[in-house]
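Residue numbers (the UniProt record's numbering), protein chains in the order written: chain A, 1 to 121; chain B, 1 to 143; chain C, 1 to 289; chain D, 1 to 612.
One or more hints might be untrue.
[To be verified] Derived list of chain D stretches under chain C, where covered just means 3 residues or more per stretch with a C-beta under 8 Å from a C-beta of chain C:
#1 32-39
#2 520-528
[To be verified] If the Cβ cut is set under 10 Å, some of the chain A residues that face chain B in the computed set are:
#3 R19
#4 L29
#5 H37
#6 H41
#7 T50
#8 N56
#9 L87
#10 T90
I should point out that these hints are in silico values taken from the structure, not numbers from a laboratory. Note that the Cβ used here is the ideal one computed from N, Cα and C, for glycine as well.
What follows is the residue order along each chain.
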Amino acid sequence: MAERYSSFTPGGTGWFLQRITAAFLVVVLAFHFFLLHFVNHAYEVTFMGTQARMENVGYFLTMVLFLITATFHGVNGVYNALVNQGLEGTQKKAVLGVLVVAALALVGQGTYVALTMAGMI
Amino acid sequence: MSQSYNRGLIEDFGRWKEFSAGMWAWIFHKFTGWMLIGYLFTHIAVLSTSIGGAQGETTMVDGEAVNIYTATLQGLEGLFLVRLLEVGLLAVAVFHILNGLRLLMIDLGVGLDAQDKSFYASLVLTGAITVASVPTFLTGVSV
Amino acid sequence: MSTQQAEPESQEAPKDPEMQGAESPAAEKQKGGGMVDQTSTDASELEGETVHIKVFRYDPEVEAKQEPRFDDFHVPFEKGMTVLDAVMYARDEYDSSLTFRHSCRQAVCGSDAFFVNGKQRLGCKTQIADLEQPVRIEPLPHQEVVKDLVVDMDHFYDQMHTVEPYFQQEDLPDGELEEQRQSRENREKVKMSTRCIWCGACMSSCNIAAGDNEYLGPAAINKAYRFAMDEREDEEIKEHRLRILEQEHGVWRCQTQFSCTEVCPKDIPLTEHIQELKREAVKKNLKFW
Amino acid sequence: MYEHDVIVVGAGGAGLRAAIAAHEAGADVAMVSKLHPVRSHTGAAEGGINAALREGDDWELHAYDTMKGSDYLADAPAVETLTQNSPEETINLEHWGMPFSREDDGRVSQRPFGGLSFPRTTYAGAETGHHLLHVMYEQVVKRGIQVYDEWYVMDLVTTDEPDPNDRECHGVVGYDVQSGKIEGFKAHDGVILATGGPGQAFDHTTNAVSCTGDGHAMAYRAGAPLEDMEFIQFHPTSLPSTGVLISEGVRGEGGILYNNEGERFMFEHGYANNDGELASRDVVARAELTEVNEGRGVNDEYVHLDMRHLGEERIMDRLENILHLAEDFEGVDGLIEPMPVKPGQHYAMGGIEVDEHGQTCVDGLYAAGECACVSVHGGNRLGGNALPELIVFGKRAGRHAAGDDLGEPEIKTGYGDDVEDETDTELPVAPGKAGLDTTGSVAADGGVTAEADGILERSVEAAREHVDSLIEKEDGVQHAEIRAKLQRAMTDYVNVFRTGDGIRKALKIIRECRQEYQNVYVDDPSRTFNTDLQQTIETRNLIDVAETIALGALVRNEFRGAHWRQENQTRDDENWLKHTLISWDDGEPSIFYRPVILDGENKTYEPKERSY
Ligand SMILES: Cc1cc2nc3c(=O)[nH]c(=O)nc-3n(C[C@H](O)[C@H](O)[C@H](O)COP(=O)(O)OP(=O)(O)OC[C@H]3O[C@@H](n4cnc5c(N)ncnc54)[C@H](O)[C@@H]3O)c2cc1C
Ligand code: HEM
Ligand code: SF4
Ligand code: F3S
Ligand code: FES
Numbered sequence: 001m002a003e004r005y006s007s008f009t010p011g012g013t014g015w016f017l018q019r020i021t022a023a024f025l026v027v028v029l030a031f032h033f034f035l036l037h038f039v040n041h042a043y044e045v046t047f048m049g050t051q052a053r054m055e056n057v058g059y060f061l062t063m064v065l066f067l068i069t070a071t072f073h074g075v076n077g078v079y080n081a082l083v084n085q086g087l088e089g090t091q092k093k094a095v096l097g098v099l100v101v102a103a104l105a106l107v108g109q110g111t112y113v114a115l116t117m118a119g120m121i
Numbered sequence: 001m002s003q004s005y006n007r008g009l010i011e012d013f014g015r016w017k018e019f020s021a022g023m024w025a026w027i028f029h030k031f032t033g034w035m036l037i038g039y040l041f042t043h044i045a046v047l048s049t050s051i052g053g054a055q056g057e058t059t060m061v062d063g064e065a066v067n068i069y070t071a072t073l074q075g076l077e078g079l080f081l082v083r084l085l086e087v088g089l090l091a092v093a094v095f096h097i098l099n100g101l102r103l104l105m106i107d108l109g110v111g112l113d114a115q116d117k118s119f120y121a122s123l124v125l126t127g128a129i130t131v132a133s134v135p136t137f138l139t140g141v142s143v
Numbered sequence: 001m002s003t004q005q006a007e008p009e010s011q012e013a014p015k016d017p018e019m020q021g022a023e024s025p026a027a028e029k030q031k032g033g034g035m036v037d038q039t040s041t042d043a044s045e046l047e048g049e050t051v052h053i054k055v056f057r058y059d060p061e062v063e064a065k066q067e068p069r070f071d072d073f074h075v076p077f078e079k080g081m082t083v084l085d086a087v088m089y090a091r092d093e094y095d096s097s098l099t100f101r102h103s104c105r106q107a108v109c110g111s112d113a114f115f116v117n118g119k120q121r122l123g124c125k126t127q128i129a130d131l132e133q134p135v136r137i138e139p140l141p142h143q144e145v146v147k148d149l150v151v152d153m154d155h156f157y158d159q160m161h162t163v164e165p166y167f168q169q170e171d172l173p174d175g176e177l178e179e180q181r182q183s184r185e186n187r188e189k190v191k192m193s194t195r196c197i198w199c200g201a202c203m204s205s206c207n208i209a210a211g212d213n214e215y216l217g218p219a220a221i222n223k224a225y226r227f228a229m230d231e232r233e234d235e236e237i238k239e240h241r242l243r244i245l246e247q248e249h250g251v252w253r254c255q256t257q258f259s260c261t262e263v264c265p266k267d268i269p270l271t272e273h274i275q276e277l278k279r280e281a282v283k284k285n286l287k288f289w
Numbered sequence: 001m002y003e004h005d006v007i008v009v010g011a012g013g014a015g016l017r018a019a020i021a022a023h024e025a026g027a028d029v030a031m032v033s034k035l036h037p038v039r040s041h042t043g044a045a046e047g048g049i050n051a052a053l054r055e056g057d058d059w060e061l062h063a064y065d066t067m068k069g070s071d072y073l074a075d076a077p078a079v080e081t082l083t084q085n086s087p088e089e090t091i092n093l094e095h096w097g098m099p100f101s102r103e104d105d106g107r108v109s110q111r112p113f114g115g116l117s118f119p120r121t122t123y124a125g126a127e128t129g130h131h132l133l134h135v136m137y138e139q140v141v142k143r144g145i146q147v148y149d150e151w152y153v154m155d156l157v158t159t160d161e162p163d164p165n166d167r168e169c170h171g172v173v174g175y176d177v178q179s180g181k182i183e184g185f186k187a188h189d190g191v192i193l194a195t196g197g198p199g200q201a202f203d204h205t206t207n208a209v210s211c212t213g214d215g216h217a218m219a220y221r222a223g224a225p226l227e228d229m230e231f232i233q234f235h236p237t238s239l240p241s242t243g244v245l246i247s248e249g250v251r252g253e254g255g256i257l258y259n260n261e262g263e264r265f266m267f268e269h270g271y272a273n274n275d276g277e278l279a280s281r282d283v284v285a286r287a288e289l290t291e292v293n294e295g296r297g298v299n300d301e302y303v304h305l306d307m308r309h310l311g312e313e314r315i316m317d318r319l320e321n322i323l324h325l326a327e328d329f330e331g332v333d334g335l336i337e338p339m340p341v342k343p344g345q346h347y348a349m350g351g352i353e354v355d356e357h358g359q360t361c362v363d364g365l366y367a368a369g370e371c372a373c374v375s376v377h378g379g380n381r382l383g384g385n386a387l388p389e390l391i392v393f394g395k396r397a398g399r400h401a402a403g404d405d406l407g408e409p410e411i412k413t414g415y416g417d418d419v420e421d422e423t424d425t426e427l428p429v430a431p432g433k434a435g436l437d438t439t440g441s442v443a444a445d446g447g448v449t450a451e452a453d454g455i456l457e458r459s460v461e462a463a464r465e466h467v468d469s470l471i472e473k474e475d476g477v478q479h480a481e482i483r484a485k486l487q488r489a490m491t492d493y494v495n496v497f498r499t500g501d502g503i504r505k506a507l508k509i510i511r512e513c514r515q516e517y518q519n520v521y522v523d524d525p526s527r528t529f530n531t532d533l534q535q536t537i538e539t540r541n542l543i544d545v546a547e548t549i550a551l552g553a554l555v556r557n558e559f560r561g562a563h564w565r566q567e568n569q570t571r572d573d574e575n576w577l578k579h580t581l582i583s584w585d586d587g588e589p590s591i592f593y594r595p596v597i598l599d600g601e602n603k604t605y606e607p608k609e610r611s612y
């Protein structure tokens with residue numbers, strides 16, 4: 001039973017952030033999908049178009065934030081799902097490590113990509 | 001003193017026929033969530049071609065030199081399979097969003113009595129939105 | 001048994017003539033094990049109608065029952081018959097080794113939660129006429145089977161005890177005859193949560209509890225809710241309770257599958273209570289940020 | 001072998017309260033119960049707990065109501081102890097967190113109840129017993145009191161002096177239902193029986209399947225007398241198939257009873273020309289049964305309780321839970337059809353004879369709760385008086401067993417100078433004799449007081465042999481058959497209506513059951529959770545208990561409280577202001593009487609006509 005008695009509980013924070021990011025994602029994901037499939041058809045996407053959008057700072061920031069929240073939300077979701085399936089001990093730590101690395105890589109690569117699109121690199 | 005032995009399907013998910021709305025919602029949400037994160041990774045990988053694109057790399061399409069990013073994206077978009085997968089992605093995303101909203105409501109303690117109805121509503125809406133978007137997704141596809 | 005035929009008082013129910021002691025497992029399996037001959041049941045005066053039940057059988061100690069199986073019984077139907085009535089009849093008339101817990105017959109003792117036609121239900125509170133036949137009766141899933149329909153409840157009790165399921169207010173009103181005050185609204189708020197009869201149906205229905213043995217489970221969380229929301233306990237005690245609940249295997253494990261709420265024979269809104277506790281826990285933590 | 005200072009047998013309201021009290025008095029206490037505590041039948045009680053808490057009420061009024069309700073067969077010292085202590089004990093439950101219903105000002109609610117001159121029934125919704133049971137179990141968990149649950153107590157371990165007053169109880173023999181293991185439990189300071197009612201002696205009862213009078217039978221065999229066993233309360237409205245109680249509220253709101261000819265028989269057949277359906281429980285129960293016996297019952301079994309005319313709105317508002325009960329347990333929709341009801345055994349006023357401290361005449365043996373008879377209910381229990389009995393006398397037994405000094409008791413127990421032997425009634429059969437030593441009589445060990453350990457081991461050995469023989473026996477009679485026969489006999493002849501002839505018939509059948517029991521066997525060969533075995537042992541206890549009920553009913557030739565005799569339909573204060581006591585004497589019941597104590601602390605309760 002009661003093994004952890006700190007006021008900072010990872011369970012609660014994770015749960016809470018998962019909801020907050022979800023609420024944020026609803027808006028951005030809908031926007032994203034709409035923009036790239038209905039306003040601009042995906043098959044018409046060109047580097048020029050992408051670059052044009054990315055050069056708008058607001059859009060750029062939104063997309064990076066989108067990436068970060070989605071990554072957190074997705075990876076945290078996967079982690080929770082695995083923990084719920086009974087992941088324990090070192091295995092759990094290992095999975096956490098892998099996921100964190102993957103998440104960082106994803107965000108890193110994604111941000112890099114976004115920067116190139118915006119022509120900043 | 002109790003003995004444990006394998007009661008087969010009673011213990012695992014094999015009893016899917018007896019699942020209730022809430023369980024299905026959970027399973028679908030999981031499934032769609034995993035699909036989405038998987039897609040996110042792929043998505044970024046594909047978009048990485050923009051790194052080359054930005055440096056002016058090109059590739060030959062129909063005898064023309066095209067920006068490699070544009071070429072990759074349009075090449076993929078030209079495939080019927082990709083279009084189909086995109087419809088699937090939309091379905092997955094829409095369900096995850098709708099059910100995600102349902103879950104957020106439940107977390108706030110709203111509409112708990114109607115949790116099964118809201119799940120069915122998510123399903124139906126997902127279906128409707130997906131079907132409605134098929135024309136948009138399939139236009140201009142060169143098979 | 002044949003010597004007792006002429007008893008006037010005994011209920012005129014078909015006795016299985018072939019009833020064997022279980023020392024002859026083969027015979028038992030075919031006959032005494034409950035494969036009751038349809039024709040003998042038809043002879044009963046009870047409207048000729050019978051209910052077909054399939055009951056899970058297992059006994060680690062008896063050779064013929066070591067391999068789990070289902071036994072069929074045809075029980076004469078009577079208006080108002082519950083699932084519990086049917087298994088009791090099968091036990092008393094056909095096979096006395098049929099084992100299950102039961103006591104009150106009125107949904108207050110919580111002994112007889114079974115898995116009936118794929119759902120956790122209280123045997124005594126389930127009208128058999130409402131079910132599709134054959135009625136399949138199994139022990140609660142996700143708990144170890146002791147014998148037939150009896151499962152090991154120890155784990156369930158452990159989880160219940162983990163949440164410190166007792167009132168902890170130390171500051172009481174002066175004077176022996178002075179009660180603590182509690183508003184009607186507050187009593188109303190905890191009312192449903194106090195109705196739990198520890199039947200274990202909810203715990204058995206929850207996929208998460210099945211996968212994670214340390215998960216407190218809906219019943220224990222509800223028990224904690226009952227105290228955490230009771231205004232008679234001080235704030236510090238509530239915080240202490242929340243700390244127990246927000247551990248890793250506490251409320252966060254719940255994935256709002258609602259099966260617990262659906263099966264609870266006392267109609268306790270378990271998911272709602274769990275969700276409210278999650279919010280309480282977040283609220284409490286936000287204060288520190 | 002397990003050892004504790006105090007062993008409490010049974011974990012219903014009485015047992016839990018006793019254990020907590022003994023624990024608080026410093027004893028190492030353990031509870032042994034055949035059910036997990038929260039499964040105990042106390043959980044079924046709905047109505048409430050009587051306690052004089054409020055301005056305008058006091059314990060003396062409560063005592064007066066109780067004496068009157070008992071038809072002057074309750075002992076005043078016991079009644080006064082109950083009514084004086086009930087308020088404190090009830091508030092104590094509140095302090096333990098019991099979710100009582102509340103008034104606007106936040107104080108606990110009280111409601112009126114039959115036979116009470118003041119609304120003093122403290123309640124928690126319609127599930128007072130459930131909350132009482134759970135709250136006390138919570139306190140047991142809090143204190144870390146050891147509970148051996150699903151351990152069936154087979155017998156008491158008692159020394160075997162010829163006179164029960166000289167005997168001592170040293171522990172119990174328990175049987176672990178899950179594993180089949182049989183072990184001794186040694187009690188250094190006392191054994192408290194809190195095993196609940198004997199409702200299963202009847203085939204139709206509001207009591208649980210576990211209410212088999214085990215404690216009664218064990219104490220009886222150990223030599224403690226059973227008191228006033230003939231007083232059984234029957235409730236007029238229980239559902240026919242399960243015995244689930246339909247509360248008096250339905251009739252209170254205007255529900256009507258009909259026979260199969262559609263007659264409102266309470267009036268049309270003149271059972272109660274003024275009050276009709278609202279006449280007292282025993283009157284209504286007798287009326288229903290008369291209808292059935294005279295061929296006007298529905299399906300020859302029950303009558304109809306109709307509330308449809310009250311209208312859906314009113315029903316939903318005030319009687320909604322009744323709709324659920326009828327639907328869940330009887331498959332009947334009370335809005336569109338009348339509900340079937342019939343009288344059902346409900347409560348046993350009598351029990352193991354104890355004094356105000358819960359002591360029996362056997363040293364170290366205590367009893368509390370429904371299995372005991374301190375005599376607070378006498379001939380008839382008032383609604384809401386059983387739960388306070390559990391907490392008041394449970395606590396006292398626990399404290400006394402743990403060594404607290406409670407002073408000198410006023411009530412006497414056991415055979416002594418103050419009793420009068422039964423000489424008048426001719427018994428149809430010599431009851432008891434046959435088939436007595438199926439469990440190896442505990443109190444028969446060769447005449448010398450043995451060391452406690454020695455008797456414990458011998459008793460355990462005897463129990464093991466007994467169980468082995470039951471399981472190894474290959475054929476014979478199954479207990480279910482005997483039990484069904486016994487229950488039918490009791491319901492047919494020792495029910496609401498009692499005639500000398502009928503009771504004699506019942507006694508003959510009981511004796512047949514006893515003989516058949518000689519040949520009983522357990523079909524299930526398993527040691528794991530063998531309920532067949534457990535029920536077989538219970539059936540034996542039921543035979544003993546049923547016999548005492550029938551014997552008491554036969555000798556008491558008067559009409560008092562719940563006990564009605566056709567031959568003498570009036571209360572006979574001249575001859576019968578006395579308790580019936582039956583004790584087991586070398587395998588044969590002997591019957592004697594002890595005068596009732598009507599002198600209270602400040603006044604004497606003069607018998608008056610019981611009219612409401
Ligand atoms: C439907 C119903 C409604 C009622 N309503 C009210 C009411 O409103 N107000 C009121 O005051 N009273 C009411 N009563 C009466 C009251 O509830 C009971 O008299 C009381 O609960 C009995 O409590 P107990 O502790 O003596 O026994 P129980 O609660 O029956 O407990 C008996 C215990 O003994 C154990 N036990 C029995 N035999 C053995 C054995 N051989 N070995 C080990 N353990 C054993 C059992 O496991 C159980 O734990 C009602 C009764 C019924 C049936
Ligand atoms: C757009 C709006 C979105 C909403 C409203 C949303 C909502 C949610 C919610 C509430 C959960 C938590 C479920 C639970 O813990 O019970 C969740 C889980 C999850 N989400 Fe999302 N989500 C969204 C977008 C995304 C995206 C874009 C991804 C992918 C990157 C994603 C991947 C996941 C994953 C992997 C899980 C874990 C699933 C599991 O339990 O196995 N979600 N989502
Ligand atoms: S919460 Fe409901 S289902 Fe769960 S144990 Fe309690 S009564 Fe049973
Ligand atoms: S079924 Fe389990 S997941 Fe939560 S809502 Fe109930 S505890
Ligand atoms: S038998 Fe008690 S709850 Fe069903």
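Hint check results:
1. Judged by the Cβ-Cβ criterion of 8 Å, the segment 32-39 of chain D is covered by chain C as claimed, because 4 of its residues qualify and three suffice.
2. Chain C is given as covering the segment 520-528 of chain D, and this holds because 7 residues of the stretch bring a CB closer than 8 Å to a CB of that chain, at least three being needed.
3. Evaluation of the R19(A) hint against chain B yields a held restraint, the C-beta minimum of about 6 Å falling below 10 Å.
4. Hint status for L29(A) relative to chain B: holds, with the closest Cβ pair at about 7 Å, below 10 Å.
5. Because the beta carbon of H37(A) sits about 7 Å from the nearest beta carbon in chain B, less than 10 Å, this interface hint is met.
6. Given hint, H41(A) at the interface with chain B, holds; its Cβ is 7 Å from that chain's nearest Cβ, closer than 10 Å.
7. Interface restraint check for T50(A): the shortest CB-CB distance to chain B comes to about 7 Å, inside 10 Å, so the restraint holds.
8. This hint is violated: N56(A) has a C-beta 16 Å from the nearest C-beta of chain B, more than the 10 Å allowed.
9. At its closest, the beta carbon of L87(A) sits 15 Å from a beta carbon of chain B; the interface hint therefore is violated under the 10 Å criterion.
10. Because the closest C-beta pair between T90(A) and chain B is about 24 Å apart, greater than 10 Å, the hint is violated.
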